[in-house]
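S.K.: Spelled out from the first residue to the last, the chains are:
2 protein chains.
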Amino acid sequence: MHARDVLNPATAQARPTPSERFVVAGARWGAAEAGLRKGGGPDLGLIVFDAPSPAAGVFTRNRVRAAPVVLTERRVRAGPVRAVLVNAGCANACTGSAGMRDARRAVATTASALGVPEREVVCASTGVIGQRLAVERIERALPSLVASVRPDGAADFARAILTTDRWPKLARADVSSRGAGGVARVVGVAKGAGMIHPNLATTLAFVVTDARLDARGLRRALRAAVRDSFNAISVDGDTSTNDCVLLVSTGRAGPPRTRGAFEDAVREVLGALARAVVADGEGAEHLVEVIVRGARSARDARRAAHAVATSLLVKTALHGADPNWGRILAALGRSGARFAPDRVQLWLDDVPLVRDSTLVSAEAERAAAAVMRRDAYRLEIRLGSGRGASARMWTCDLGPSYVKINAEYRS
Amino acid sequence: MHARDVLNPATAQARPTPSERFVVAGARWGAAEAGLRKGGGPDLGLIVFDAPSPAAGVFTRNRVRAAPVVLTERRVRAGPVRAVLVNAGCANACTGSAGMRDARRAVATTASALGVPEREVVCASTGVIGQRLAVERIERALPSLVASVRPDGAADFARAILTTDRWPKLARADVSSRGAGGVARVVGVAKGAGMIHPNLATTLAFVVTDARLDARGLRRALRAAVRDSFNAISVDGDTSTNDCVLLVSTGRAGPPRTRGAFEDAVREVLGALARAVVADGEGAEHLVEVIVRGARSARDARRAAHAVATSLLVKTALHGADPNWGRILAALGRSGARFAPDRVQLWLDDVPLVRDSTLVSAEAERAAAAVMRRDAYRLEIRLGSGRGASARMWTCDLGPSYVKINAEYRS
Chain A
15 MHARDVLNPA TAQARPTPSE RFVVAGARWG AAEAGLRKGG GPDLGLIVFD
65 APSPAAGVFT RNRVRAAPVV LTERRVRAGP VRAVLVNAGC ANACTGSAGM
115 RDARRAVATT ASALGVPERE VVCASTGVIG QRLAVERIER ALPSLVASVR
165 PDGAADFARA ILTTDRWPKL ARADVSSRGA GGVARVVGVA KGAGMIHPNL
215 ATTLAFVVTD ARLDARGLRR ALRAAVRDSF NAISVDGDTS TNDCVLLVST
265 GRAGPPRTRG AFEDAVREVL GALARAVVAD GEGAEHLVEV IVRGARSARD
315 ARRAAHAVAT SLLVKTALHG ADPNWGRILA ALGRSGARFA PDRVQLWLDD
365 VPLVRDSTLV SAEAERAAAA VMRRDAYRLE IRLGSGRGAS ARMWTCDLGP
415 SYVKINAEYR S
Chain B
15 MHARDVLNPA TAQARPTPSE RFVVAGARWG AAEAGLRKGG GPDLGLIVFD
65 APSPAAGVFT RNRVRAAPVV LTERRVRAGP VRAVLVNAGC ANACTGSAGM
115 RDARRAVATT ASALGVPERE VVCASTGVIG QRLAVERIER ALPSLVASVR
165 PDGAADFARA ILTTDRWPKL ARADVSSRGA GGVARVVGVA KGAGMIHPNL
215 ATTLAFVVTD ARLDARGLRR ALRAAVRDSF NAISVDGDTS TNDCVLLVST
265 GRAGPPRTRG AFEDAVREVL GALARAVVAD GEGAEHLVEV IVRGARSARD
315 ARRAAHAVAT SLLVKTALHG ADPNWGRILA ALGRSGARFA PDRVQLWLDD
365 VPLVRDSTLV SAEAERAAAA VMRRDAYRLE IRLGSGRGAS ARMWTCDLGP
415 SYVKINAEYR S
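Protein sequences appear in the order of chains A and B.
Per the numbering used here, the first sequence runs over residues 15 to 425.
Per the numbering used here, the second sequence runs over residues 15 to 425.
It should be emphasised that the hints constitute simulated quantities derived from the structure, not laboratory data.
Possibly wrong hints are sitting among the right ones.
Identical copies look the same in the list; a pair holds intra-copy or inter-copy alike.
[What the hints assert, rightly or not] Below, in silico cross-link-like pairs of lysine to any residue (SDA-like), each with a Cα-Cα straight-line distance of 25 Å or less:
| no. | residue 1 | residue 2 |
| --- | --- | --- |
| 1 | K418 | R180 |
| 2 | K52 | R42 |
| 3 | K418 | V385 |
| 4 | K52 | M114 |
| 5 | K52 | E153 |
| 6 | K418 | T123 |
| 7 | K52 | R118 |
| 8 | K418 | R387 |
| 9 | K52 | A335 |
| 10 | K52 | A383 |
| 11 | K52 | R387 |
| 12 | K52 | A229 |
| 13 | K52 | G193 |
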């Protein structure tokens, strides 16, 4: 891997979107406004590939699945894709068989506008649950959507698919390839789980590469990357009906030099997007990396990391920059992970807070509180087993505005 | 069972504590102030039994267990108890071997003040984690604590063990016995999981009966009752290092007429206390009974009820009296319970909100919102399986004050 390029809030606000940075040979991106979103603004996004392109997908494990999830999973399994239609404003979830007809119709109209086979067009939706999709509005906006696609349109696409995110999320990594230019790109766009309006919440991510891989190679890279990125973040423990991550290869830059480097690049891009999603949680002021070391097995490590990263008591303490180690020990204790309860160490960045399950010193507590005022920091948990299994998750603090807005929200 | 008597906020505020209602033959209760609690007030409670009395206990499953939990579990298993010492203000958790020495010393001093064997005295603590217990303060307060015990002292005891609860929690049920009076009592006292200061949070409950049972009969009744009460409530998903429920029999009213009736009485008392704990959650305005019916197995039913009752998105919607059925379906979908995603029914008290997994009507939505403004109501989920397994949990709404106070709290 040669480079990494993440559009984060700092760069996004400091200078114009460097659209050309997110160009991938063989892919064009566009956006339009269909009027699906309260308050207006772009709410339709489209990615068009120059040729049918192999794809892989990871979809929500929620038993209640939105119509676009069902449709897209089926088509991605069946063969290559030519276009991805995405809308914000309406999740098309809990809409029964009418919802599936709506999704099919939106995709069919898009296919005929592009002159491609219907089975090669897939879709994703995010927005309010339980409302019908206004397909006729999408159809009215389709001509301008199709006209808008261009190679450097990824940033426009990224903005159109947002719901309550505060900033667009794009990331890129490069990898050596055996093609003419010697370099292939992996570019990803995501929208967050928007803690502000969880009814409008869904994690969607679209990753496009010009490295040449078949569907099987893409599936393998995607599964590994999702495990370490979108499956390792916690916002509020709820899983959407619409979650979807797609990886598509245009193949224009030739095969990657090594499969491992390609998988690393996908992991890098999805990891950056996942961290951006957590950092953009409503009311969140801190991005916290939770690392568990010294566990007796990988499963114990994951359980411990998950219990701490999702504990409401821990997350409210993170919001208050309170080194409340008793809450962390209590979360570990109920996690199901095996460990010696009297040998836990806790570190905040380079500050040791707890040793042998008790406070190091009042001074350490003050130093830890100072670390916790940083925008981003690491909470390291050492469980003390010689086996040394580890796990990592990203979480954010939970402030009162999350609860306030979610209590007052009405669809 | 003949009667049930619960001291709830209405009665507690409207008239003087009817202490004689909570008298159990063979038990005396007392309270004193040791100065363990910030802001002052009674913080020590004591129950003394006229004779060594068989007991059963249920203790936290958290791997990190406070010293009093370890000590009390061991002694209750070994034989009968003569006294229970309870303190608020300090949990004596995460205090290592020093914490165990402190607990032993507090109990030993109590035993010698009462003139009973040390092994027959048990203890429970609630309060800040990670601080040493000020045993010398307890020792100074012991003479007045021992002098305070009397048969009608349960309400004083109930107030002394509170942390951030808004009101004391007592409950009573009567049951036919084969003794002279023909009636035995089951009286319980609890303190809540005080959502306001979860570091000070612990569920403690002490149930005393004059029905005569041996330790084995008590264990059996207690286990069944805890499953349907304290293990069926959700405040915020965190489990304390100090949770403890004790059941002690003085035997003075003779054996219960039937074991089933006795078990029902214990279930009734613990159920009333558990609901009182949920209703007293900080910022909580609604007590919500979540009932799942039509599940394929009891396990599926419990999973579904648990996912809905603990979902942050559902609990914030309850706070806003928002019949946000999409969030409930999404929680069911990720619960792991098996069900047909298109056949779910939701009812709020007698209002049908969702049928075949879609909204019944806009009018139903308005009627459901009206139900949700009630202090207490029922959310019934019908999963539509012919097998008809069911489960029940109690939960409360989650308001911004919970997060605000937990973020700002410092131990």
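S.K.: Tell me the hint numbers this structure goes against, listed in increasing order.
M.R.: 2, 6, 11, 12 and 13
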